[in-house]
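From first to last, the protein sequence lines stand for chains A and B. Using the numbering used here, the first residue of the first sequence is number 1, and each one after it goes up by one. Using the numbering used here, the first residue of the second sequence is number 1, and each one after it goes up by one.
Be a bit skeptical, because a hint or two may be false.
[Stated by the list, open to error] In silico lysine-lysine, DSSO-like type, Cα no more than 27 Å apart, as pairs: (1) A/Lys111 to B/Lys76; (2) B/Lys76 to A/Lys37; (3) B/Lys22 to A/Lys111; (4) B/Lys76 to B/Lys22; (5) A/Lys37 to B/Lys22; (6) A/Lys111 to A/Lys37.
[To be verified] Computed, partial: chain B to chain A, Cβ under 7 Å: (7) Leu8; (8) Val19; (9) Trp42; (10) Val50; (11) Ala62; (12) Phe65; (13) Thr69; (14) Asp77; (15) Pro83; (16) Ala89; (17) Ala104; (18) Glu127; (19) Val142; (20) Ala161.
[Unchecked claim] Distance windows between CB atoms, simulated: (21) B/Arg82 to A/Val124: 17 to 27 Å; (22) A/Thr72 to B/Pro86: 51 to 61 Å; (23) B/Pro6 to A/Val124: 38 to 48 Å.
These are computed hints drawn from the structure, not numbers from a lab. These figures come from a predicted structure and were not determined experimentally. Think of the CB as a built atom: it goes at the ideal place given N, C-alpha and C, for glycine as much as any other residue.
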Amino acid sequence: MVDVLQALVQRPNFVVFVILFLWGVYIMAAHPNLVKKLIGLYIVQTSAIFFLVAFSAKDGATVPIIFTDSATVDAAVYANPLPHVLTVTAIVVQVATLGVSLALVSAIYRKFGSLDEDEVLERVE
Amino acid sequence: MTFEIPLLVLLVMTAAGAVLVKDLISAVFILGSYSFALALVWALVGAVDVAFVEAVVGAGLATVFFLLTLFRMAEKDTLIRRPPVPWIAFVALPLLAILLLYGAGDLPAFGDPLSPASTHISPAYLESSVEQTRTPNVVTAVLMDYRSLDTLVETIVIFTAGIACALILRRGGA
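Throw the hints in and build the complete structure from the sequences for me.
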């Protein structure tokens, strides 16, 4: 128990990830408003990216931009660039999916006149 | 790591605001500030490219998308009721949280230079990318050179998303 707590104190990023992820999942599942569901979706997506980027950090390392004339580069001086590359792609795709889902919400609102899940389901029947 | 804790608290507070506020337009603006706090965290961790993209695309474009959707709606529909919390949430969410947090000990410590992610393959990119691609920014080199096909297919995904938006929002359609 003590070593689990100690591990958590050393990893504040992971604790924040767990809070954001679970809260976003809860909002997506339980909130009746469609736009609030999308806000929950956005929080889940960003928390997953937050989790990945935390792995790229190294103590005492700088940004992965190499300005040196020497032929050999010391990898320990620069942060790990690979999570950055993957998450840059993921952020753009995340906003693209968000745009499509907002377009769907907008179409639902135009047809049924409500953003509330229960009211929309009533009017469908 | 002293900057970390206040920023992380700010992050959780802005996320809480976006989730709890009853007015949807206010919630969207708070979500934009959440994105920007996230960009600050990433800039300080050393992920400047991710911070730029999050500040421009996450805080900017996503907020604009939300607002474009909400501005077309009547005011009564953007003010929402807060639903009662179902009892199962009080059981399931803490249980999941405990499961996830219990596994934290197996993750590498934050900022550990010897973590598997930082020792296995990324040193090869850092050491040889300047020589092979003549680009000082390693993130750009990997994104546009080593993984350029991946980036090409990603632009196809975004193009598809744009077409899908246009087809859904078309007036007079189905």
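So, going through the hints one by one against the coordinates:
1. Proposed proximity of A/Lys111 and B/Lys76 is supported: the alpha carbons are some 17 Å apart, at most 27 Å.
2. Taken as a hint, the B/Lys76 and A/Lys37 pair is honoured in the structure, with Cα atoms around 18 Å apart against an allowance of 27 Å.
3. For the hint pairing B/Lys22 with A/Lys111, the CA-to-CA distance comes to about 24 Å; that is within 27 Å, so the pair holds.
4. Restraint check for B/Lys76 and B/Lys22: the C-alpha separation of about 11 Å stays at or below 27 Å, so the hint holds.
5. This hinted pair checks out: A/Lys37 and B/Lys22 have alpha carbons roughly 13 Å apart, not beyond 27 Å.
6. With a CA separation close to 19 Å, the supplied pair A/Lys111 and A/Lys37 stays within the 27 Å bound.
7. Interface hint status for B/Leu8: upheld, as the beta-carbon distance to the closest one in chain A is roughly 5 Å, under 7 Å.
8. Taking 7 Å as the C-beta contact cut-off toward chain A, the hint placing B/Val19 at the interface holds, the least distance being around 6 Å.
9. Checking B/Trp42 against chain A: minimum C-beta separation of about 6 Å stays under 7 Å; hint holds.
10. Of the supplied interface hints, the one on B/Val50 holds, with its beta-carbon coming within about 5 Å of a beta-carbon of chain A, less than 7 Å.
11. Hint status for B/Ala62: holds, given a least beta-carbon distance of 5 Å to chain A, under 7 Å.
12. Hint status for B/Phe65 relative to chain A: holds, with the closest Cβ pair at about 5 Å, below 7 Å.
13. Interface hint status for B/Thr69: upheld, as the beta-carbon distance to the closest one in chain A is roughly 5 Å, under 7 Å.
14. Because the beta carbon of B/Asp77 sits about 5 Å from the nearest beta carbon in chain A, less than 7 Å, this interface hint is met.
15. Given the 7 Å rule on beta carbons, the hint for B/Pro83 holds: about 6 Å separates it from the nearest Cβ of chain A.
16. Evaluation of the B/Ala89 hint against chain A yields a held restraint, the C-beta minimum of about 6 Å falling below 7 Å.
17. Because the beta carbon of B/Ala104 sits about 5 Å from the nearest beta carbon in chain A, less than 7 Å, this interface hint is met.
18. For the restraint placing B/Glu127 at the interface with chain A, the shortest Cβ-Cβ distance is roughly 5 Å, inside the 7 Å limit, so the hint holds.
19. Given the 7 Å rule on beta carbons, the hint for B/Val142 holds: about 5 Å separates it from the nearest Cβ of chain A.
20. Checking B/Ala161 against chain A: minimum C-beta separation of about 4 Å stays under 7 Å; hint holds.
21. For B/Arg82 paired with A/Val124, a C-beta distance near 24 Å keeps the hint of 17 to 27 Å intact.
22. Evaluation of the 51 to 61 Å hint for A/Thr72 and B/Pro86 yields a pass: the beta carbon distance comes to about 59 Å.
23. Distance hint for B/Pro6 and A/Val124: a CB-CB separation of about 47 Å, consistent with the stated range 38 to 48 Å.
Consistency with the previously given hints is maintained throughout, with no hint failing.
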